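Top line first, the protein sequences correspond to chains A and B. Here the first sequence stands for residues 154 to 569, where the numbers follow the working numbering. Here the second sequence stands for residues 154 to 569, where the numbers follow the working numbering.
Treat the hints as calculated values from the structure; they're not laboratory data. This structure is a prediction, so every number in the text was calculated from the model and none was measured. Certain hints may be false.
Which copy? The list can't say, so a pair holds if one copy fits it or any two copies do.
Unchecked claim - In silico lysine to any residue, SDA-like type, Cα no more than 25 Å apart, as pairs:
1) 195 to 207
2) 219 to 525
3) 219 to 332
4) 270 to 403
5) 219 to 559
6) 195 to 515
7) 219 to 526
2 protein chains.
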Amino acid sequence: MITRSHCQERDTADALAPLRTQFALPEGVIYLDGNSLGARPKAALARAQQVIADEWGNDLIRSWNKAGWFDLPSRLGDRLAPLIGALNNEVVVTDSTSINLFKALAAALHRQAHSEKNAGRRVIVTERANFPTDVYIAQGIASWLERGYEVRLIDSPEQLDTAVDESTAVVMLTHVNYRTGYMHDMRRISALAHARGALMLWDLAHSAGAVPVDLNADGADYAVGCTYKYLNGGPGAPAFIWVPERHQVEFRQPLSGWWSHATPFAMQPLFEPTGGIRRALCGTQPIASLAMVECGLEVFAQTSMQTLRAKSLALTDLFIALVEARCGHHPLELVTPREHARRGSQVSYAHPQGYSVMQALIARGVIGDYREPHVMRFGFTPLYTSFVDVWDAVDALVDILDHEKYDADALRDAVT
Amino acid sequence: MITRSHCQERDTADALAPLRTQFALPEGVIYLDGNSLGARPKAALARAQQVIADEWGNDLIRSWNKAGWFDLPSRLGDRLAPLIGALNNEVVVTDSTSINLFKALAAALHRQAHSEKNAGRRVIVTERANFPTDVYIAQGIASWLERGYEVRLIDSPEQLDTAVDESTAVVMLTHVNYRTGYMHDMRRISALAHARGALMLWDLAHSAGAVPVDLNADGADYAVGCTYKYLNGGPGAPAFIWVPERHQVEFRQPLSGWWSHATPFAMQPLFEPTGGIRRALCGTQPIASLAMVECGLEVFAQTSMQTLRAKSLALTDLFIALVEARCGHHPLELVTPREHARRGSQVSYAHPQGYSVMQALIARGVIGDYREPHVMRFGFTPLYTSFVDVWDAVDALVDILDHEKYDADALRDAVT
Numbered sequence: 154m155i156t157r158s159h160c161q162e163r164d165t166a167d168a169l170a171p172l173r174t175q176f177a178l179p180e181g182v183i184y185l186d187g188n189s190l191g192a193r194p195k196a197a198l199a200r201a202q203q204v205i206a207d208e209w210g211n212d213l214i215r216s217w218n219k220a221g222w223f224d225l226p227s228r229l230g231d232r233l234a235p236l237i238g239a240l241n242n243e244v245v246v247t248d249s250t251s252i253n254l255f256k257a258l259a260a261a262l263h264r265q266a267h268s269e270k271n272a273g274r275r276v277i278v279t280e281r282a283n284f285p286t287d288v289y290i291a292q293g294i295a296s297w298l299e300r301g302y303e304v305r306l307i308d309s310p311e312q313l314d315t316a317v318d319e320s321t322a323v324v325m326l327t328h329v330n331y332r333t334g335y336m337h338d339m340r341r342i343s344a345l346a347h348a349r350g351a352l353m354l355w356d357l358a359h360s361a362g363a364v365p366v367d368l369n370a371d372g373a374d375y376a377v378g379c380t381y382k383y384l385n386g387g388p389g390a391p392a393f394i395w396v397p398e399r400h401q402v403e404f405r406q407p408l409s410g411w412w413s414h415a416t417p418f419a420m421q422p423l424f425e426p427t428g429g430i431r432r433a434l435c436g437t438q439p440i441a442s443l444a445m446v447e448c449g450l451e452v453f454a455q456t457s458m459q460t461l462r463a464k465s466l467a468l469t470d471l472f473i474a475l476v477e478a479r480c481g482h483h484p485l486e487l488v489t490p491r492e493h494a495r496r497g498s499q500v501s502y503a504h505p506q507g508y509s510v511m512q513a514l515i516a517r518g519v520i521g522d523y524r525e526p527h528v529m530r531f532g533f534t535p536l537y538t539s540f541v542d543v544w545d546a547v548d549a550l551v552d553i554l555d556h557e558k559y560d561a562d563a564l565r566d567a568v569t
Numbered sequence: 154m155i156t157r158s159h160c161q162e163r164d165t166a167d168a169l170a171p172l173r174t175q176f177a178l179p180e181g182v183i184y185l186d187g188n189s190l191g192a193r194p195k196a197a198l199a200r201a202q203q204v205i206a207d208e209w210g211n212d213l214i215r216s217w218n219k220a221g222w223f224d225l226p227s228r229l230g231d232r233l234a235p236l237i238g239a240l241n242n243e244v245v246v247t248d249s250t251s252i253n254l255f256k257a258l259a260a261a262l263h264r265q266a267h268s269e270k271n272a273g274r275r276v277i278v279t280e281r282a283n284f285p286t287d288v289y290i291a292q293g294i295a296s297w298l299e300r301g302y303e304v305r306l307i308d309s310p311e312q313l314d315t316a317v318d319e320s321t322a323v324v325m326l327t328h329v330n331y332r333t334g335y336m337h338d339m340r341r342i343s344a345l346a347h348a349r350g351a352l353m354l355w356d357l358a359h360s361a362g363a364v365p366v367d368l369n370a371d372g373a374d375y376a377v378g379c380t381y382k383y384l385n386g387g388p389g390a391p392a393f394i395w396v397p398e399r400h401q402v403e404f405r406q407p408l409s410g411w412w413s414h415a416t417p418f419a420m421q422p423l424f425e426p427t428g429g430i431r432r433a434l435c436g437t438q439p440i441a442s443l444a445m446v447e448c449g450l451e452v453f454a455q456t457s458m459q460t461l462r463a464k465s466l467a468l469t470d471l472f473i474a475l476v477e478a479r480c481g482h483h484p485l486e487l488v489t490p491r492e493h494a495r496r497g498s499q500v501s502y503a504h505p506q507g508y509s510v511m512q513a514l515i516a517r518g519v520i521g522d523y524r525e526p527h528v529m530r531f532g533f534t535p536l537y538t539s540f541v542d543v544w545d546a547v548d549a550l551v552d553i554l555d556h557e558k559y560d561a562d563a564l565r566d567a568v569t
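So that you can see chain A by itself, here it is in the shape it has in the complex:
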């Protein structure tokens, strides 16, 4: 039988525990929503003040060079690269995940359409259960290219084997599902796509900083991801895009703004793409939001994804074990895989009154979130989540469920 003091002992033995002090976490809150918006690194406030008061206020226009604003997307990209198995000059931090998906998908379709062997392929394969913006962006591109693309939605990973065929141009998947926490086998699926002649695009929104990712080793072709979830970059912080060196020369995307020009200040009237990863840029970046991304990455530089993964699995294992031991008589259904290799850094439970139960948890400071239909999500971020947090969160859940301290009649629609 696990006890709270057992959890306390694990915290005492946890080599990552001291990193929690680098985050500003409000009193009385157990924050299990770092999969949606990461907590604030304490350093972010001072960094923003520096950008706003000194770099903007005092140095003004000179900061584009003096403070390195113009280089920020690639400098941050190089800092992020080791977390996802990328090399220097393969990642830029820029724009939003949706926009970077558009660029990567457009580039992949362009590459196929201009290849000798695959020019006739007209299918984008993705999951119906993918995060909606991924599917919408694919539908947006498909409806704009007159040569005519189909967005083929599969209902389970098992369907990939039949859905990816000689008509498939690109397979586009989110590595860890936002709702269920299911993690795809990146290496196996990338190999499957390649075996069928398709290119493989991964969305790492719920992977970067959450699970070890090795894009180059696992044979990915393109990737995008988010910095404001597990990477703790700040609300809506710019996203990232990865293009491996081998695809950069042929990388073409229609958002060809001046930041991706070979000589952006020569003011030439003909677009000529720059070399390297900066050809995935478009226009001017929001510097204050962008600069804070570095503060999150600085915390990751003090540990390794392997160390984080070990604690992440220990936290999610503990959460599942406690819920099963203490809430087994309630209609909770684990929708996150038990198998470590298929699990991200979150645990999701479906409950018929999931929306109301989550509202009750939030009301007492246990912050997870809810996603239609029925799913309560609990994100575990080893940089600042403790084993006692897990105990206390389950304790609150037990009390709410056992004593029906939630509004059983609340309409789930309230969330939309």
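Starting from the known structure of chain A, arrange chain B on it as the hints suggest.
Then chain B, alone, in the frame of chain A:
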């Protein structure tokens, strides 16, 4: 003969002079580059601290609703609207100018391609001297749509009359030229485009907050613009896009991310655009950078564009008069129109050693900038530029030119 004390008297009489105290301007600097990066409203620092420490740090994920993060693009758009002759629910602040240009141009081409009368039009008319990113974005779209578009570059406004013809789908111009400060006649050119069956897209990067703009009255069809120049929104702050109510129902753009979905949290796998201007959104926005845009707009709410325009013209008139009176013997060529109706809020002079002269000015705290080829730009921002600033800037210029205090052999390439 104008004197410095004459300029001081004008400052004393200037009703706008007190607004200068709302900006943080460094000691010893005369800032004439607000056309590139606006100065910092003092309120921006506290606003950023609020977003970072309270909204992100304390309220965390709850701030999407509680602090109104999700509504920021449209709330700021409504605040910006009166400055450009737009209505409520016609403007959103989002993404970059380049990306918004892509959306607007794509929507315009889509509208034409799906119209009965204009479906065959395949030409985008713009200026060779337009800001490069505008031309690059047009070239990007043209090269991606298989039906085949031509980007027709004109060399002077006079060529519009012959260049815009029955093959023209869209005329896309920047209202005030970044290099010369030349201002197009928005009403006349919009009418010309319409008379030929084309749609009219305006880039207001150097207009919004700089000159009065009346998009609806002047018959524009789409517009985009920048918040980090004359609107003082902060480095790389998100840009804006305007779609008039009459075009919103048919507005379609391929960057169809979840923020433009009718029910973004219902997690539906089919894209359905929302109503109103939010269908010009795509993905999650950089909240810290976005929130500071409001601080610049709050200063504009204390005056009117007509009042600002009167002072802007007085400042640029004074600058031209002083340069002509005191530097007439130097090879300076005024490239900004003398005619008020054709002049933005900047004055540009070409000089054979323009790059070096500007470096010498910057070294003594008179900050303008330089654009290839040969052009020194001086931006005048009536919210914080005084008449004495103009005198002192010219005084420095006179000293540098008269005594050749610049490196005549410096390579202009250094800027690129």
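Hints, one by one, checked against the model:
no. : hint       : in the structure
1   : 195 to 207 : both (19 Å within a copy, 12 Å between copies)
2   : 219 to 525 : between (47 Å within a copy, 21 Å between copies)
3   : 219 to 332 : between (43 Å within a copy, 23 Å between copies)
4   : 270 to 403 : within (16 Å within a copy, 38 Å between copies)
5   : 219 to 559 : between (55 Å within a copy, 21 Å between copies)
6   : 195 to 515 : within (23 Å within a copy, 36 Å between copies)
7   : 219 to 526 : between (50 Å within a copy, 23 Å between copies)
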